[in-house]
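Throw the hints in and build the complete structure from the sequences for me.
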Amino acid sequence: MKKLVASAVLAAVSLAAWAQPTTKTEEVEIVIDGSKVVIESGDLAQLSELDLNGMIEEITRYSVKIQTERKALLAKVAKAETEGDISAEQAEEMREMIEERTEENVEMLAEVMESWGEAQSARMEAWEEQYEMQMEAWEEQYEAQAEQGNFNVPPLPPLPPLPPAPANDEDSTEAGSRIIISDKGIEIKEGKDGDEPFALRFNTEEENDTTENDGPSDENKKISSHEGYTDWSLGFNTMLAGGSDFINDGPQELNFFRSNEWNIGFGGKQRIGSPYSKFYFRYGGEFSFHDFKLIDENVMMPTDSNIVFREDTVNKIGSSKYKIAYFNIPIMFQLDFSEVGDMDESFTVGVGGYVGVRLNAKRLLEYETANFNHVEEKVKDDFFTQQFRYGLMAQVGFDSFKITAKYDLNNYFKEGKGPDYQMASITIGWVL
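In terms of our numbering, the sequence shown opens at residue 1 and continues consecutively.
Do not take every clue at face value.
What the hints assert, rightly or not - Straight-line distance between alpha carbons at most 25 angstroms, and here's what the computed BS3-like set of lysine-lysine pairs gives:
{"no.": "1", "residue 1": "Lys278", "residue 2": "Lys362"}
{"no.": "2", "residue 1": "Lys323", "residue 2": "Lys380"}
{"no.": "3", "residue 1": "Lys76", "residue 2": "Lys65"}
{"no.": "4", "residue 1": "Lys278", "residue 2": "Lys417"}
{"no.": "5", "residue 1": "Lys378", "residue 2": "Lys414"}
{"no.": "6", "residue 1": "Lys378", "residue 2": "Lys316"}
{"no.": "7", "residue 1": "Lys278", "residue 2": "Lys323"}
{"no.": "8", "residue 1": "Lys293", "residue 2": "Lys417"}
{"no.": "9", "residue 1": "Lys417", "residue 2": "Lys362"}
{"no.": "10", "residue 1": "Lys414", "residue 2": "Lys380"}
Hints were generated in silico from the structure; no laboratory data involved.
As structure tokens, then:
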């Protein structure tokens, strides 16, 4: 019961996570014969003050603005080229610059989410450790009462508050760049201190080609075949011996309800075929974080040549777990039964795969020695794990709610360096 309660509470509290992005303010100014097109970035410091839902909404809004401004800038360059204001060579160079800015935007969003993910992982780890200590004290109190014949269950300890969100110590910097196209050719002036410019937030003034009397324009009638997304999920993961068997005994056995996974990702969804097609291709990037909790007194021990799991007969183990984090690239073919022009607003089902690269791995141990000294160990190492992973995934959902299952096809440990294990998981999440 204690394990179920702790897992459920951990899943619920993760909704209150805080972000920790970096901060920059920059702008790019494109001048075509005196007519300016300005792209400027926003201050992301406020994201550190948002909860998880607010952060996802902001990242989604920025992603949509990036794509919207990209299309608008490309359209302006095409118009200038058609009207003869710039040459074909100048137009092509400007298109390349716009595409480069867009790529830099996406990379910056990835850095923001990676920073947030590391901060979230550290905070939830501290919270989990504190709650584990409270639950262990509660269990010891119950056992002491039971030994005295008192089987009344003492009240559960209150949930500890989440640690405060880490402060953002990085100061804002300013930089800018001017791209000038005229009779003298193309001139690029770098920003302050030679910083390369990028764009995240664009001008708030939006062009409106319609009026109340004129009705919707032809552009508004077009049905988009592409849409960006941000998603997050959490759930449980485990190891399968030989790719199919659950580990039910021995020092390698895992506590399933305490072996958790959570992910945050972003990407795009492209319709395949006509505007009435229900087939889509989904792609993106994803950060995933995995915890594996061993039961009883069992520990994972690295040697000079391999990894072994064994029972610690010397120390009293309080907590024994190993962790790993990846950056993954998932792709999926999906059936989406939403209305024409909509995506992820009805029943969806998809299958696909993923590849990933290991970001870090570590082992955490808490134990008491024979001299009653309390010891906490946190060791970072690769622990003979594979640098890369690849596997299959399937997803089913309705509206933005999704259930996703994943299965690694390659071994978790390097060949001959550890048990023949493959990782598998099931998570619930939302797509925005």
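Tested hints:
no. : hint            : in the structure
1   : Lys278 / Lys362 : violated (43 angstroms)
2   : Lys323 / Lys380 : holds (9 angstroms)
3   : Lys76 / Lys65   : holds (16 angstroms)
4   : Lys278 / Lys417 : violated (45 angstroms)
5   : Lys378 / Lys414 : holds (22 angstroms)
6   : Lys378 / Lys316 : holds (17 angstroms)
7   : Lys278 / Lys323 : violated (39 angstroms)
8   : Lys293 / Lys417 : holds (20 angstroms)
9   : Lys417 / Lys362 : holds (16 angstroms)
10  : Lys414 / Lys380 : holds (17 angstroms)
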